[in-house]
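Engineer: One line per chain: the protein sequences are A and B, in this order.
Reading the first sequence from the start, the letters are residues 1 to 83 in this note's numbering.
Reading the second sequence from the start, the letters are residues 1001 to 1473 in this note's numbering.
Hint data in this document are derived by calculation from the structure and do not stem from the laboratory.
Computed from a predicted model, the values in this text were never measured in an experiment.
Treat the hints with care, as some may be off.
To be verified - Once the Cα atoms are required to be at most 30 Å apart in a straight line, the calculated DSS-like pairs of lysine-lysine come out as: (1) B:K1430 - A:K53; (2) B:K1301 - A:K53; (3) B:K1301 - A:K50; (4) B:K1051 - B:K1301; (5) B:K1329 - B:K1148; (6) B:K1051 - A:K53; (7) A:K32 - B:K1467; (8) B:K1148 - A:K28.
Residues per chain are reported as follows:
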Amino acid sequence: MVDNVEKEIVSIISDVSGLDAEDITPEKNFFKDLEVDSIKAIEITVAIEKKFKVSIRDEDVPKITTVQEAVALVNSLLDQKRS
Amino acid sequence: MAIVDRDIYDAVIIGAGVSGLVCGCYLAKAGMKVLIAEQHFKPGGYCTSFKRKGFTFDAAAHSFGSFREGGNMNRVFRELDLDKRLKIKRYDPSDVIITPDYKISFWNDLNRTIKELQGAFPHETEIRDFFDFMSSPKPAEIAALRNKTFKDLLDKYFTDDRVKTILSIALLINGGLPPSLLTAFTGSQIFSEFLLDGGYYPDGGMQALPDALADRFKELGGTLLLSCRVKKIKIKDESVAGVVLEMGDFIRSKYVISNCDARQTFLKLLGRRVISEDLLQKLDTMVPSLSMFVLYLGISKDMASLPQPGCTAWFLSHYAIEDMYLSSKKRNAGNLQEFLLRVSPDGESVLAMVLAPFRNTKYWINNKHKLLEAFIKKIEEHTTPDLSKYIVYKDAATPSTLYRYTLNYKGACYGWESIRSQFADPDFIKPPICQNLYLTGHWTTRGLGVAGVTYIGYNTASLIIKKEKLCYN
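Given only the sequences and the hints, what does the whole structure look like? Please build it.
Structural biologist: Next comes the structure, spelled out in structure tokens:
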């Protein structure tokens, strides 16, 4: 399941940034490694929320700096939805 | 007679607006074989100038921003070598906002602007914090605002409606929406482009910018066809195959990028039968931005009462900005409450603008003159009582004119309305119809204005360049 979430998130980042999925590894920093600027940050956040049908709290958005942090947050939101 | 090279193109771009030109330059620079087809006889879209009776008028776009070190325009100028071709001057102040009680200038020195606002509104204690945030927001902080409006952002820092209106008037006229509806992102973008880092102007008029881009594009090996309308985008095996020009020529291309109106791209160029029911429904319910009524005056005398040349003045007769928006939607000769007024940098002509709805062509044929005369009277009331005496040329562009020259749906000035429900929609970036089809420009729901669409043009090109594994430089 975790793998699927990660795969989907990587696919979204790849779509928005144009980078190859294989270059988007878990430890990559959105802003330092993946050329994510303001508008791309919005596009990625909106696409993740739409894809997983979750709502990320505004105050949590600035805390996400790496791919793995995004995956962990989405997994925890999905867990909350299931429980 | 063959008008284009019969070889296959790597990319065809429909529309030579600033975004299409920037995208074309980057693709050509990366080594791709690119064709741009533009229906108008000159490049630029809303960023064009025209001459009448010896006067040069900017048609709509009248200055640009984001030219500071590190700004989007600055980077594109450097990367495309435009900095060597265009002489850019920044006017100081870039903007001045005139209300019944205040005159607030936006100076090139931000500290001076902040002090002026603090002097006018001593009870507002977070003016500097607001400017600090707007000057250099972090991407993640902006992402956190994805569901917020510009009003939410203003309410966080200010209590006085007058200061909120002063900080929003440029967004209403340059974004087509009041703060309660405008997304926080788009509002911040306009605020930054027009007020914090605005007021840049190319020597010779705004047309100099698309002309320089067009020259650079051709120098990089690109083919630019003017007065050339595209009739169809062809799809084969779930990928774009090319475009059909109005004269019937089929141009094969691996990529097609539409820099023209989104509805036309989908409904006319692609056709309803290739579009999903969901997307068709979305297109039927999406709202375009308002259009504009633009007044062009040639004047025979320098008038001290007019704003200084190159500076954009914003006149307000009250502070109810939401009401201004509602009355814009019913614009007529009797409700000209707020407007933009600008004397061209050469000091010879005046440009004035108000938001206006599209209505229909007949309405504007019947009402253009009435609104034009009422607009001149309004300027006389507000600032220059004897203006009429010195007008040697007058004309106006109505929403119908804007549609005729650009084919933007309902003469929309800023693509789709920048409301939250229409924001950052991937269907308008890479439409889910076939491979290798992209949109660029203000219909992509991600930005507007010269600097905004320049960024989008660059971004569209970068997606394709990365996909092709080419190099930017």
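Engineer: For a C-alpha distance cap of 30 Å, please report whether B:K1148 and A:K28 respect it.
Structural biologist: Holds - the C-alpha atoms of A:K28 and B:K1148 are around 28 Å apart, at most 30 Å.
Engineer: Are the Cα positions of A:K32 and B:K1467 separated by 30 Å at most?
Structural biologist: holds, 21 Å
Engineer: Does B:K1430 pair with A:K53 here, judged by a C-alpha cut-off of 30 Å?
Structural biologist: The given pair, whose Cα atoms are some 21 Å apart, holds under the 30 Å limit.
Engineer: Straight-line Cα separation of B:K1301 and A:K50 no greater than 30 Å?
Structural biologist: Roughly 58 Å between the alpha carbons, so the hint for B:K1301 and A:K50 is violated.
Engineer: Take the C-alpha atoms of B:K1301 and A:K53, compute the straight-line distance between them, and say whether it is at most 30 Å.
Structural biologist: violated, 62 Å
Engineer: Given the hinted pair B:K1329 and B:K1148, is their Cα-Cα distance within 30 Å?
Structural biologist: holds, 23 Å
Engineer: Given the hint that B:K1051 pairs with B:K1301, test it: the Cα-Cα distance must not exceed 30 Å.
Structural biologist: holds, 18 Å
Engineer: Checking one constraint from the list: CA of B:K1051 to CA of A:K53, max 30 Å. Satisfied?
Structural biologist: violated, 53 Å
In this structure, the earlier hints numbered 2, 3, 6 are contradicted, and the remaining ones agree with it.
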